[in-house]
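Visitor: Going line by line, the protein sequences match chains A and B. By my numbering, the letter at position 85 of the first sequence is numbered 85, and the numbering carries on one by one without gaps. By my numbering, the letter at position 111 of the second sequence is numbered 1111, and the numbering carries on one by one without gaps.
Since the hints were made in silico from the structure, they are not lab data. Backbone N, C-alpha and C define an ideal beta-carbon position, used for all residues, glycine too. Fair warning: there could be bad hints in the mix.
Here are the simulated SDA-like pairs of lysine to any residue, each with C-alpha atoms no more than 25 Å apart in a straight line [said to hold, decoys possible]:
| no. | chain 1 | residue 1 | chain 2 | residue 2 |
| --- | --- | --- | --- | --- |
| 1 | B | Lys1082 | A | Gln92 |
| 2 | A | Lys204 | A | Ala187 |
| 3 | B | Lys1020 | A | Ser147 |
| 4 | B | Lys1153 | A | Arg63 |
| 5 | A | Lys91 | B | Gln1092 |
| 6 | B | Lys1091 | A | Tyr50 |
| 7 | A | Lys91 | B | Glu1093 |
Non-contacting residues of chain A with respect to chain B, defined by C-beta distances greater than 10 Å in every case (computed) [as the list claims (entries may be wrong)]:
| no. | residue |
| --- | --- |
| 8 | Ala15 |
| 9 | Gln16 |
| 10 | Tyr18 |
| 11 | Ile33 |
| 12 | Leu39 |
| 13 | Ala99 |
| 14 | Gly158 |
| 15 | Arg196 |
Protein chains: 2
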Amino acid sequence: MTIEISAFAWVPPFAQGYVKDLRPRWALAEAGIDYTVSLVGNGRADTPEYRAWQPFGQVPAYRDDEVELFESGAILLHIAQKSPALAPRDKQEAATTTAWVFSALNAIEPKVDNMILPAIFHPGEPWIEGARAAAEDILRLRLNSLSNALGEKDWLTGRFGVADIVMASVLRGLQDEPILRDFPRLAAYLKRCLARPAFDAAIKAQLATFAENAPPEAAAS
Amino acid sequence: MTIEISAFAWVPPFAQGYVKDLRPRWALAEAGIDYTVSLVGNGRADTPEYRAWQPFGQVPAYRDDEVELFESGAILLHIAQKSPALAPRDKQEAATTTAWVFSALNAIEPKVDNMILPAIFHPGEPWIEGARAAAEDILRLRLNSLSNALGEKDWLTGRFGVADIVMASVLRGLQDEPILRDFPRLAAYLKRCLARPAFDAAIKAQLATFAENAPPEAAAS
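Next up, chain A with everything else stripped away, as it sits in the complex (with noise of 0.2 Å):
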């Protein structure tokens, strides 16, 4: 089985490590799967031969020697079906395993996004406040469900699967955000989560493409 994922080659320091390759990334390590990477740069995001494999010319895309997709949330469910290790054990855990991918991509990732990006993208315009309150008071209140839904369990599905990698992906973008705080048990399953060693093989393995990858006056800087 040859197994390729699409990656960025480089990307400014503040996405370095955050960019979504990495979650294909990490299940591939969970699983123990090796994989190759499908450089994107130099303008290839809109040539129409990526965007045939990626329609938003965004990262990552994925193909193996049965199929192409794109989607994070699609390629972490197709890596699912591959390894003893993330493979869910029964239909149910299948079904409970799909909806979070889902709930982590639609009911979580947004709010998160509507709180960090904007200052990132659109900083000091006079909007960015009011929205990313109103954003928290969603989230807020979806974390709440997210927290009571996880109880004491360690992972969203009783075992550690893919569900968990992406929802830890998207949790983590509040790492450094007051709001984790008021969430301890799910403070608590993004540390458990972050622990893995294969997230931070993950983590080395995206770092190192940017490495290798970086633009002259960023590896002078």
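Fit chain B to the known structure of chain A by using the hints.
Guide: Below, chain B alone, put in the same frame as chain A:
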């Protein structure tokens, strides 16, 4: 096979026809599969019993003889496996379907929500125009990518499926917005999706639920 979905007993008029149980109703109507509705009202959304089924207290939740699950995207992928009318023809079509369902819910819907929802939930607040403009800028890029990916095809995966149900449900939020006029291919795609008899059946079924359960003050107005 007994199928049950949850739906709010009643919502205010502005939300009627747009609550997300419309999505499984539409898919089940396409498949010709009967279902029963488990009503959510009178505080049931916050009960431990309902939260065990739908952790965020939202709709829809779903159960059949084999599994129960939540999140409209997860529910539609599950329903797609059950029906010759919706089941992917091969592994690649299944992978592409899953990818587009995630795109609709993670790449497109959050930006549509950011354009539309602040004016509904925070009317008159000073930040909503700035937030809307920023959301529209991103959405415009995404719709352009989506339009290019759709190309001359009638449907996202080559034949109608749950990816189209989710994408059309999301794009429908833009029906009264000028932005859709700038993407005539997507406007035509949306019209084509909404012309399907199963969409009409789903809308009628959702509205019938609300009519049956309208509170006295709403019924009188």
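Visitor: With reference to the structure, classify each hint as holding or not holding.
Guide: Quick rundown of the hints versus the structure:
1. B:Lys1082 with A:Gln92: Roughly 15 Å between the alpha carbons, so the hint for Lys1082 of chain B and Gln92 of chain A holds.
2. A:Lys204 with A:Ala187: Given that 25 Å is the threshold and the Cα spacing comes to 22 Å, the pair holds.
3. B:Lys1020 with A:Ser147: Holds, because 23 Å separates the two Cα atoms, which is no more than 25 Å.
4. B:Lys1153 with A:Arg63: Cα-Cα ~23 Å, so holds.
5. A:Lys91 with B:Gln1092: At roughly 21 Å apart (the allowed maximum being 25 Å), Gln1092 of chain B and Lys91 of chain A satisfy the hint.
6. B:Lys1091 with A:Tyr50: holds (21 Å)
7. A:Lys91 with B:Glu1093: holds (21 Å)
8. Ala15: holds (16 Å)
9. Gln16: holds (22 Å)
10. Tyr18: holds (16 Å)
11. Ile33: Since the minimum Cβ distance to chain B is about 17 Å, Ile33 of chain A lies beyond 10 Å and the statement holds.
12. Leu39: At about 20 Å from chain B, Leu39 of chain A clears the 10 Å cut-off, so the statement holds.
13. Ala99: The assertion about Ala99 of chain A is violated, with a minimum of 4 Å to chain B.
14. Gly158: Since the minimum Cβ distance to chain B is about 14 Å, Gly158 of chain A lies beyond 10 Å and the statement holds.
15. Arg196: holds (23 Å)
Checked against the numbered hints listed earlier, the structure breaks hint 13 alone; every other hint is satisfied.
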